[in-house]
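There are 2 protein chains.
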Amino acid sequence: MYDGRLARCRSLMKMAGVDLLALTPGPNMTYMTGFMEEPGERLLTSLIPREGEPLFLVPELYEEQVAGSTWIDSLRVWKDSGDPMKELATAVAGLVAGGKVALDTRMWARFVFMFQQIVPASQLVDASMIMDELRVVKGEEEIETMRRGTKATDRAMEMVIDALKTGMSEREVAEVIRSSLMRCGADAPSFMPIASSGPNGSQPHYRFGDRRLRNGDSVVLDFGGLFSGYYTDVTRTVFLGGVEREQERVYNLVKEANEAAVAAAKAGTPAQEVDRAARLIIEEGGYGNSFIHRTGHGIGLEVHEEPYIVDGNRRPLEDGMTFSVEPGIYLPGRFGVRIENIVQVEGGRARRFDQYTRDLQVI
Amino acid sequence: MYDGRLARCRSLMKMAGVDLLALTPGPNMTYMTGFMEEPGERLLTSLIPREGEPLFLVPELYEEQVAGSTWIDSLRVWKDSGDPMKELATAVAGLVAGGKVALDTRMWARFVFMFQQIVPASQLVDASMIMDELRVVKGEEEIETMRRGTKATDRAMEMVIDALKTGMSEREVAEVIRSSLMRCGADAPSFMPIASSGPNGSQPHYRFGDRRLRNGDSVVLDFGGLFSGYYTDVTRTVFLGGVEREQERVYNLVKEANEAAVAAAKAGTPAQEVDRAARLIIEEGGYGNSFIHRTGHGIGLEVHEEPYIVDGNRRPLEDGMTFSVEPGIYLPGRFGVRIENIVQVEGGRARRFDQYTRDLQVI
Chain B
36 MYDGRLARCR SLMKMAGVDL LALTPGPNMT YMTGFMEEPG ERLLTSLIPR
86 EGEPLFLVPE LYEEQVAGST WIDSLRVWKD SGDPMKELAT AVAGLVAGGK
136 VALDTRMWAR FVFMFQQIVP ASQLVDASMI MDELRVVKGE EEIETMRRGT
186 KATDRAMEMV IDALKTGMSE REVAEVIRSS LMRCGADAPS FMPIASSGPN
236 GSQPHYRFGD RRLRNGDSVV LDFGGLFSGY YTDVTRTVFL GGVEREQERV
286 YNLVKEANEA AVAAAKAGTP AQEVDRAARL IIEEGGYGNS FIHRTGHGIG
336 LEVHEEPYIV DGNRRPLEDG MTFSVEPGIY LPGRFGVRIE NIVQVEGGRA
386 RRFDQYTRDL QVI
Chain X
36 MYDGRLARCR SLMKMAGVDL LALTPGPNMT YMTGFMEEPG ERLLTSLIPR
86 EGEPLFLVPE LYEEQVAGST WIDSLRVWKD SGDPMKELAT AVAGLVAGGK
136 VALDTRMWAR FVFMFQQIVP ASQLVDASMI MDELRVVKGE EEIETMRRGT
186 KATDRAMEMV IDALKTGMSE REVAEVIRSS LMRCGADAPS FMPIASSGPN
236 GSQPHYRFGD RRLRNGDSVV LDFGGLFSGY YTDVTRTVFL GGVEREQERV
286 YNLVKEANEA AVAAAKAGTP AQEVDRAARL IIEEGGYGNS FIHRTGHGIG
336 LEVHEEPYIV DGNRRPLEDG MTFSVEPGIY LPGRFGVRIE NIVQVEGGRA
386 RRFDQYTRDL QVI
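These protein sequence lines are chains B and X, in that order. For my numbering, add 35 to where a residue sits in the first sequence, where the first one is 1. For my numbering, add 35 to where a residue sits in the second sequence, where the first one is 1.
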């Protein structure tokens with residue numbers, strides 16, 4: 036599997052005129068090398084030259100761990116008491132002189148500045164033109180992992196919604212989300228869960244607070260888990276005790292927008308058309324100014340990645356792409372509604388991974 | 036509080052000849068602006084000029100959330116369908132022309148490249164020379180938050196160790212860690228918890244796997260939580276069923292090294308002396324080559340920050356600094372031992388925040 040990725044990576048490097056690719060801990064390193072870690076302050080990078088042997092520059096405390104999880108044989112180890120900059124200079128000198136060096140799009144500025152000092156004659160560019168292209172169409176194993184993860188997330192959603200009741204605090208709901216995800220086999224939550232109730236629901240990325248659920252609230256539940264390196268991300272909105280006429284109208288509009296977007300997501304269709312399909316429904320319903328974000332984002336080794344389902348993205352969808360479809364309506368001081376599915380384009384059409392009901396639910 | 040931080044920040048900017056400071060979501064933005072978020076692919080930055088009004092460049096979906104959590108009045112909002120680069124160019128043009136621009140040390144390369152294009156006449160530098168200096172000595176409120184968080188983490192450690200038994204998988208232990216942290220009031224775990232048993236303990240940053248605990252294992256438990264924006268981080272190592280002679284010897288050596296380091300951590304002492312104190316004990320015990328990382332790291336809004344307790348760091352410790360003391364011994368294929376306290380320098384001496392026993396425990 037890694038052989039194929041390396042070959043495709045190098046052909047993209049060649050097309051882009053890139054001589055060296057430097058990756059940092061995160062999705063790109065995981066994809067290319069198999070080693071998975073959170074970013075940190077110690078310089079840990081995999082260096083992939085267009086020709087010749089790739090190598091890993093590794094802090095000593097990671098040596099055994101990296102060696103045990105990657106196919107790259109050449110490890111250059113530095114000690115906490117040593118000088119990572121000197122090690123990097125030596126490592127890079129053997130791989131490139133001048134030319135173009137592509138840096139991981141997530142590389143921290145502190146390391147970008149190191150590269151600037153070490154290869155002042157090189158042009159430094161964003162590696163996303165290579166890595167996004169490589170990763171945007173998923174392989175079968177990746178799809179299978181994501182499908183399994185989303186099924187587990189469906190079960191977690193059911194457990195969470197079954198546990199909801201008035202009087203619980205958002206924080207308690209967030210705890211139920213976390214424990215349900217773990218019980219369903221996640222290695223970690225994808226991100227700090229969102230359990231926003233009532234007026235808090237109008238902030239799309241609100242997390243949770245101490246507000247208690249009341250009758251009449253809408254509750255936006257947005258979470259996902261990490262499964263064998265791949266993220267899931269789903270959202271449902273439910274109502275407590277009853278639903279007012281406008282809440283119901285808004286809910287049905289968001290649901291309709293979700294369905295229009297999924298129907299529009301066909302192989303060959305530009306990504307922005309999916310956004311337009313959802314936006315049109317919401318605009319015609321009179322809430323255009325309250326749909327304050329794009330319709331979706333690709334998902335895989337990152338929670339947000341290509342293809343972005345956003346106005347301006349003319350890239351045609353292809354079989355094997357996976358992304359979210361998540362229109363929403365946000366009314367400050369009142370409430371918010373969002374419904375998010377993860378879909379895969381397969382056989383030309385979008386199919387949902389998550390199957391938990393999208394019907395209006397009053398708890 | 037933020038007034039004082041801004042004034043100190045600007046005087047450091049002046050000393051460093053920095054005209055503009057650009058921060059990204061993460062510890063520095065939280066510290067200066069009060070707004071807390073995970074880093075992401077959307078450009079979200081606070082721009083602090085040496086003189087004049089600071090401003091926030093914010094994606095539309097964050098507008099309400101940022102406005103509700105920061106003292107900065109001037110918000111420049113961009114839509115998902117817009118061009119963040121153009122917005123940034125306009126925002127920056129009003130604040131700086133040429134000069135020196137300091138970028139958050141954690142800013143992603145993609146945004147560093149944006150700044151390069153927008154202010155090609157400016158010198159871009161790492162903002163850590165300003166931000167590390169600002170944050171390295173904690174204020175009273177920060178200390179109080181960290182003390183409270185570490186107390187809660189002590190309780191979680193007790194719950195976790197009480198729950199350990201042979202037959203449990205490392206993954207199950209990790210779940211107990213997470214749920215205990217949440218029950219003790221954490222907003223999230225500090226990082227993916229470490230529950231490494233037997234031979235897995237020799238990889239300092241191993242997380243957890245499917246291995247089941249057996250009699251004779253050492254189990255390294257390393258975790259912490261996020262409490263009101265501040266991280267905790269503690270480690271204990273326990274033994275199951277019994278302890279072999281070498282395990283006991285190694286444990287006592289690590290404990291002795293921990294105590295020597297805490298005793299050495301006095302105001303005015305260079306940070307590296309604390310590392311030396313721990314290392315000397317372990318070297319004299321014959322395990323010098325098996326202590327493969329620095330003795331500690333500062334902690335606060337980041338899990339790892341200044342002051343690093345590492346050979347080569349001559350910076351004198353001061354009252355109000357908070358850091359970990361965590362010597363360890365790692366024997367590949369066999370086992371590992373680490374004991375980690377969080378300490379604060381106060382009244383000239385290091386005091387431990389966490390109080391859970393460091394005595395050898397056999398479960």
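One thing to keep in mind: the hints can contain errors.
[To be verified] Simulated pairs of lysine to any residue, SDA-like, Cα-Cα distance not exceeding 20 Å:
id, chain 1, residue 1, chain 2, residue 2
1, B, K290, B, D394
2, B, K114, X, E381
3, X, K114, B, H339
4, X, K135, B, Q152
5, X, K301, X, E381
6, X, K121, B, G323
7, X, K121, X, D161
8, B, K121, X, N348
9, B, K186, B, K135
10, B, K301, B, E381
11, X, K114, X, Q158
12, B, K186, B, K114
13, B, K114, X, F148
14, B, K135, X, D346
15, B, K135, X, Q151
16, X, K114, B, F148
17, B, K121, X, D161
18, B, K114, X, L199
19, X, K135, X, G103
20, B, K301, B, E353
21, X, K135, B, H339
22, X, K135, X, Q151
23, B, K186, B, F226
24, X, K135, X, Q100
25, B, K114, X, R349
26, X, K290, X, R393
27, B, K121, X, D346
28, B, K114, X, H339
29, B, K135, X, G69
30, B, K186, B, E76
31, X, K290, X, E176
32, B, K114, X, E88
33, B, K121, B, K186
34, X, K114, B, G323
35, X, K114, B, E318
36, B, K186, B, A223
[Unchecked claim] So the derived list for chain X, only partly shown, Cβ under 7 Å to chain B, looks like this:
id, residue
37, S116
38, M120
39, R284
It is worth saying that the hints were derived from the structure and are not from the lab. Glycine included, every Cβ here is placed at the ideal spot set by N, Cα and C.
To see whether the hints hold, each was checked on the structure:
Note on B/K290 and B/D394: the hinted pairing holds, with a Cα-Cα distance of about 8 Å set against a maximum of 20 Å. Distance hint between B/K114 and X/E381 is unfulfilled; the C-alpha atoms sit about 30 Å from each other, more than 20 Å. Proposed proximity of X/K114 and B/H339 is supported: the alpha carbons are some 17 Å apart, at most 20 Å. A C-alpha spacing of about 17 Å is found between X/K135 and B/Q152, which places the hinted pair at or below 20 Å, so the restraint holds.
Distance restraint check for X/K301 and X/E381: the Cα-Cα separation of roughly 9 Å lies within the 20 Å cut-off, and the hinted pair is therefore satisfied. Only pairs whose Cα atoms come within 20 Å are accepted, and X/K121 paired with B/G323 is rejected, the gap being roughly 24 Å. A C-alpha spacing of about 23 Å is found between X/K121 and X/D161, which places the hinted pair above 20 Å, so the restraint is violated. This hinted pair checks out: B/K121 and X/N348 have alpha carbons roughly 17 Å apart, not beyond 20 Å.
For the proposed pair B/K186 and B/K135, the alpha carbon gap of about 43 Å is over 20 Å, so the pair is violated. The suggested pairing of B/K301 with B/E381 holds, with an alpha-carbon distance near 9 Å, which does not exceed 20 Å. Restraint check for X/K114 and X/Q158: the C-alpha separation of about 29 Å exceeds 20 Å, so the hint is violated. The straight-line distance between the Cα atoms of B/K186 and B/K114 is roughly 43 Å, outside the 20 Å bound, and the hint therefore fails.
Taking the CA atoms of B/K114 and X/F148, the gap is near 30 Å; set against the 20 Å cutoff, the hint is violated. Under the criterion of a C-alpha separation no larger than 20 Å, the hint pairing B/K135 with X/D346 is inconsistent with the structure, at around 35 Å. Of the pairs offered as hints, the one joining B/K135 and X/Q151 holds, with about 16 Å between alpha carbons and a cut-off of 20 Å not exceeded. The hinted pair formed by X/K114 and B/F148 fails the criterion: a straight-line CA distance of about 30 Å is larger than 20 Å.
Note on B/K121 and X/D161: the hinted pairing holds, with a Cα-Cα distance of about 18 Å set against a maximum of 20 Å. Distance check on the hinted pair: B/K114 and X/L199 sit about 34 Å apart at the alpha-carbon level, beyond 20 Å; violated. For the hint pairing X/K135 with X/G103, the CA-to-CA distance comes to about 31 Å; that exceeds 20 Å, so the pair is violated. Taken as a hint, the B/K301 and B/E353 pair is honoured in the structure, with Cα atoms around 8 Å apart against an allowance of 20 Å.
Taken as a hint, the X/K135 and B/H339 pair is broken in the structure, with Cα atoms around 32 Å apart against an allowance of 20 Å. At most 20 Å may separate the alpha-carbon atoms for a hinted pair to count; X/K135 and X/Q151 meet this at roughly 12 Å. About 18 Å separates the Cα atoms of B/K186 and B/F226, which keeps this hinted pair within 20 Å; it holds. Taking the CA atoms of X/K135 and X/Q100, the gap is near 30 Å; set against the 20 Å cutoff, the hint is violated.
Of the pairs offered as hints, the one joining B/K114 and X/R349 holds, with about 17 Å between alpha carbons and a cut-off of 20 Å not exceeded. Taking the CA atoms of X/K290 and X/R393, the gap is about 7 Å. The hint holds against a cut of 20 Å. A hinted pair counts as satisfied when its Cα atoms are at most 20 Å apart, and B/K121 with X/D346 qualifies at roughly 16 Å. Simply put, B/K114 and X/H339 have alpha-carbon atoms about 17 Å apart, close enough for the 20 Å limit, and the pair holds.
Note on B/K135 and X/G69: the hinted pairing is violated, with a Cα-Cα distance of about 39 Å set against a maximum of 20 Å. Our distance criterion of 20 Å between C-alpha atoms is broken by B/K186 and B/E76, whose separation comes to about 35 Å. Taking the CA atoms of X/K290 and X/E176, the gap is about 31 Å. The hint is violated against a cut of 20 Å. As the CA atoms of B/K114 and X/E88 are separated by approximately 43 Å, the hinted pair breaks the 20 Å bound.
Only pairs whose Cα atoms come within 20 Å are accepted, and B/K121 paired with B/K186 is rejected, the gap being roughly 47 Å. Between X/K114 and B/G323 the alpha-carbon distance is near 13 Å, which keeps this suggested pair within the 20 Å criterion. For the suggested pair X/K114 and B/E318, the alpha carbons sit about 16 Å apart, so the restraint of at most 20 Å is met. Straight-line distance between C-alpha atoms of B/K186 and B/A223 comes to about 16 Å, which keeps the hinted pair within the 20 Å bound.
Satisfaction of the interface hint for X/S116 is found here, the shortest Cβ-Cβ separation to chain B being roughly 4 Å, below the 7 Å cut-off. Evaluation of the X/M120 hint against chain B yields a violated restraint, the C-beta minimum of about 12 Å exceeding 7 Å. Because the closest C-beta pair between X/R284 and chain B is about 22 Å apart, greater than 7 Å, the hint is violated.
Violated hints for the displayed structure, listed by number in ascending order: 2, 6, 7, 9, 11, 12, 13, 14, 16, 18, 19, 21, 24, 29, 30, 31, 32, 33, 38, 39.
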